[in-house]
Amino acid sequence: MRKWIQTAKFSILALFGMVLLAGCDNSKYIVLNPKGPVGHEELRLIIISVILCAVIIIPVLGIFVYITIRFRDKEGNKAPYQPEWADSKVLEIIWWGIPIVIIAILGVFTAKTTLNLTKPPVQNVKPIVVQVTSMDWKWMFTYPDKKIATVNYAEIPAGVPVQFILTSDAPMNSFWVPQLGGQEYTMPGMSMGLWLQADKVGTYFGAGANFTGKGFAHMQFKVKAVSQADFNKWADSVKKGSPVLTKAGYTKLEKPSLEKELSFSSYPNGLFENIVNKNGGKYYHHMSNMGDGSSMSGMDMKK
Amino acid sequence: MNTSHFFVTGDPMIYGADASIVLVTLAIVFYLSYFKKWGWLWREWITTVDHKKIGIMYLLASLIMLFRGGVDAILMRLQLAIPNNHFLPSEHYNEIFTTHGTIMILFMAMPFMFALFNMVVPLQIGARDVAFPMLNAVSFWLFFIGAMLFNISFVIGGSADAGWLSYPPLSENQFSPGPGQNFWIWGIQISGIGSLATGINFIVTILKMRTPSMRLREMPLFSWSVLSASIAILGVFPILTGTLLMLTIDRLLGGHFFTMDAGGNPMMYVNFIWMWGHPEVYIVVLPAFGVYSEIVATFSRKRIFGYSSMVFSMIAISVVSYYTWAHHFFTMGAGADVNIVFAVCTMIIAIPTGVKVFNWLFTMFRGRIRVTQPMLWFYAFVPTFLVGGATGVMLAAAPADYQYHNSYFLIAHFHQVLIGGVVFGYLAGLYYWWPKLFGFKLNDRLGKWAFWLWQIGFYVCFMPQYALGFMGMTRRMYTYNQTMGWDMGWAPLNFISTIGAFLMGICFIFQAWQIIYSIKHGERDVTGDAWDGRTLEWSIPSPPPVYNFAILPTAKGRDTWWYQKQEMKQDGYKKEPVTFEAIHMPKNTGIPFIMAIFWFIAGFGFTFQWNWMGIIGLIGVAGTLFARSFQYDTDYWITAEEVEQTEKALGRL
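For the protein sequence lines, the chains are A and B, in the order given. Taking the working numbering, the leading residue of the first sequence gets 9, the next gets one more, and so forth. Taking the working numbering, the leading residue of the second sequence gets 2, the next gets one more, and so forth.
Honestly, the hints are just simulated from the structure, not real lab data. Don't take each hint at face value.
[To be verified] Covered stretches of chain A (chain B as the covering partner; in silico rule of three or more C-beta atoms under 8 Å from a C-beta of chain B):
id	stretch
1	36 to 50
2	69 to 75
3	78 to 92
4	103 to 111
5	186 to 198
6	203 to 216
7	281 to 291
[Unchecked claim] Here are the simulated DSS-like pairs of lysine-lysine, each with C-alpha atoms no more than 25 Å apart in a straight line:
id	chain 1	residue 1	chain 2	residue 2
8	A	Lys82	B	Lys442
9	B	Lys38	B	Lys54
10	A	Lys82	B	Lys570
11	A	Lys154	A	Lys255
12	B	Lys449	A	Lys82
13	B	Lys576	B	Lys649
14	B	Lys566	A	Lys82
Virtual Cβ for every residue (Gly too), placed ideally from N, Cα, C.
Kindly produce the complete structure, drawing on both the sequences and the hints.
Shown next as structure tokens:
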């Protein structure tokens with residue numbers, strides 16, 4: 009048996025070695041390396057939950073090892089043997105109690121964070137709105153304030169809360185920019201809000217997180233956070249120098265395909281609203297949050 | 002339906018599969034004909050209603066499905082081992098991950114679980130069979146035929162490729178035309194009806210068929226776990242049936258329950274499917290908890306600690322599991338209030354689960370621990386499940402889940418709880434009860450090789466996947482490019498993960514070899530009590546005679562057999578003289594098998610939208626039910642003399 013324990017020790021060490029070698033570059037863990045307030049708040053909850061779990065797991069594993077060594081069935085083991093001892097109110101209260109307390113603490117933090125994330129990350133800066141449509145198999149971003157559109161990349165001003173309004177003109181996907189914060193589904197017929205904000209200038213990896221068929225694996229996009237001045241400059245240049253997205257153009261874009269990064273100087277009026285409506289939005293108004301003030305009637309779930 | 006698309010063509014791997022299917026079928030037909038085994042197959046297995054044989058058939062089928070699902074897993078890992086790999090095209094990869102998930106949960110875990118139900122529960126509660134033996138056979142054959150229908154899709158018609166839960170609108174005609182998705186629906190629908198029937202069967206068996214002196218609160222914990230899992234089955238499988246039926250109506254009859262247009266609501270499907278799907282994972286893990294409870298008590302030579310707590314926590318898990326489904330879509334934009342409620346409910350499940358771990362530990366405390374093969378799997382289970390449970394709690398914290406959802410973190414988590422909890426548990430149960438069913442133990446040395454390969458393979462495969470989740474890799478990607486592979490660091494971890502998958506693949510070979518080797522060379526058990534057990538199943542010979550108990554046993558509190566053995570060891574113990582009585586038994590019947598064949602015809606017909614064929618199948622199903630209701634010769638008696646002779650031959654007199 010000792011040989012087996014040796015093997016186990018060796019393999020565990022080897023395993024840790026491999027994982028450490030493979031992932032020694034800390035900056036690659038983008039979820040753990042957020043660049044905005046939403047991502048930071050989520051990271052804080054992740055850390056709290058890890059600590060709360062470790063508090064219970066590490067001692068339990070310790071007890072497990074101790075019990076195993078002490079109470080092995082071998083000749084001359086002097087440890088007490090009480091085959092009939094099977095009840096202890098005190099002990100049971102303790103181990104019903106510990107997890108209840110831990111879950112209660114974590115529950116409170118979870119509830120707080122959940123509520124926090126439904127609000128803009130900072131209150132004193134005027135947010136901007138970016139509408140996001142997932143399609144087969146690309147992402148379209150429309151800027152209702154600027155009336156410009158992009159495909160497979162978005163530019164946002166750093167330090168400004170961004171209300172992403174999400175829908176889908178294809179099977180449901182999920183909009184995820186790990187370094188800015190967690191994801192939210194894009195669903196046909198619904199438009200839902202997600203608050204994100206970049207604190208630092210940079211280009212962030214974004215991906216579709218829910219499977220949508222053949223081209224799904226290629227649905228990455230970039231979110232470029234730039235200064236407010238650069239953002240305005242970029243918007244102007246798109247306005248001036250890019251082609252127009254016409255109705256016919258959208259019909260073509262809508263067809264299943266993979267696309268490179270595209271920019272459009274304008275898009276048909278009410279494009280986003282029409283996408284939501286034609287996919288079922290007209291049946292459930294209360295789910296709609298168009299984000300541009302043109303709003304459909306009913307409540308805004310994220311406010 | 003264009004018949005030129007009937008057979009899947011174009012992929013050399015599929016042609017390989019075609020050839021191997023034909024060869025294996027020919028080999029089986031040849032074997033059965035040459036050794037004149039057809040009659041034996043029909044009399045002993047196909048028409049049997051004996052729970053032990055049905056259990057063995059479930060076991061065999063689930064091991065074959067484990068192999069199929071495992072091959073799928075290895076193919077996926079091969080494809081992901083390096084960036085920009087061209088080993089599998091997107092469509093094929095999508096079919097494989099869909100098949101892998103569906104098979105592992107519905108056609109591997111479920112039948113493995115039912116194998117343990119059937120092999121153990123009647124023996125443990127002192128019963129001669131389940132409450133409805135014929136229905137039990139129906140359940141098995143519906144599962145089997147459903148699994149076959151689902152499995153042939155990769156050579157005929159094409160497999161489903163919309164994920165194991167097939168979310169619409171992707172799974173609707175608009176995005177998934179063709180028979181693949183229908184195969185998925187009908188395979189699951191048919192076997193799901195069987196699962197529901199098994200749930201009912203075991204609730205009634207446990208409530209009504211216990212040996213008269215066994216009280217519910219003295220029943221062994223494995224049987225309790227079966228009862229709580231069966232109650233959950235009864236609660237949620239009808240939801241699955243209904244949901245699949247709605248999807249069928251959408252696809253077959255042009256309905257609009259879940260479509261994008263005409264007022265359909267895909268979100269409704271997601272709710273329904275998880276109302277079944279989440280309790281489903283607790284359904285498969287509860288019996289594993291039951292297995293551990295039996296094993297830990299036996300191999301610590303001690304009563305299980307905190308019996309009432311154990312029972313209460315299982316019931317609590319099966320009840321609370323109904324209220325956690327929305328945690329699968331925290332990110333679908335439900336309000337903060339909804340997310341908080343479901344997050345807290347999900348975390349609450351961790352409490353009774355944690356309590357069970359403490360109770361197992363304190364069963365070992367002041368016991369005498371023997372590290373045998375079944376116990377090894379318990380040792381593997383504890384750390385694996387603790388970490389898996391912890392990552393589950395992390396996922397339950399809704400806002401944190403926004404960052405884990407659909408990433409490899411999630412993949413690592415559910416493999417850790419499903420392999421660490423369910424597979425390890427069922428394997429522990431398999432090693433534990435194998436000698437009971439077959440009369441010999443499985444070889445120790447080969448078992449340890451398999452065990453350590455499983456352990457190392459598991460951690461090498463899945464630990465890197467947690468890290469991949471933190472690196473932003475999402476599930477169901479058939480490939481990733483060089484930038485993601487190297488600059489973002491995905492490639493090395495994926496490569497390590499693939500090595501782990503291969504190690505697990507090797508250990509499956511060891512286990513198959515272990516079984517084959519042990520059939521010839523395994524340590525024979527003539528006592529019927531291979532592990533110095535505590536519960537009633539160990540009081541009868543291994544393998545048990547067809548009627549299980551010659552005389553219905555008297556249960557005196559918990560762990561009856563343990564205390565009876567102590568009594569027997571005392572000086573002056575006198576065996577009470579026994580008088581045998583005739584035993585009433587159910588007769589074999591071919592109807593379940595024939596009914597399943599008709600279900601297959603129906604499912605196959607509707608899959609290809611050949612409605613005439615589907616309707617013929619359904620008429621056949623109704624016909625078999627009709628025929629059964631006029632079958633009066635369904636039981637027989639084993640005479641007292643026969644019982645006496647059998648017991649004598651088994652050395653029990």
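Hints, verified against the model:
1. 36 to 50: Coverage by chain B holds for the stretch 36 to 50 of chain A (8 residues, Cβ < 8 Å).
2. 69 to 75: holds (count 4)
3. 78 to 92: With 10 residues in contact (Cβ-Cβ under 8 Å with chain B), the coverage given for the stretch 78 to 92 of chain A holds.
4. 103 to 111: holds (count 6)
5. 186 to 198: Per the Cβ count (10), the hint holds.
6. 203 to 216: holds (count 3)
7. 281 to 291: Answer holds; 4 residues pass the 8 Å Cβ test.
8. A:Lys82 x B:Lys442: Holds: A:Lys82 and B:Lys442 sit about 22 Å apart, inside 25 Å.
9. B:Lys38 x B:Lys54: holds (17 Å)
10. A:Lys82 x B:Lys570: holds (22 Å)
11. A:Lys154 x A:Lys255: holds (18 Å)
12. B:Lys449 x A:Lys82: Judged against 25 Å, a Cα distance of about 20 Å means the pair holds.
13. B:Lys576 x B:Lys649: Given that 25 Å is the threshold and the Cα spacing comes to 15 Å, the pair holds.
14. B:Lys566 x A:Lys82: The given pair, whose Cα atoms are some 22 Å apart, holds under the 25 Å limit.
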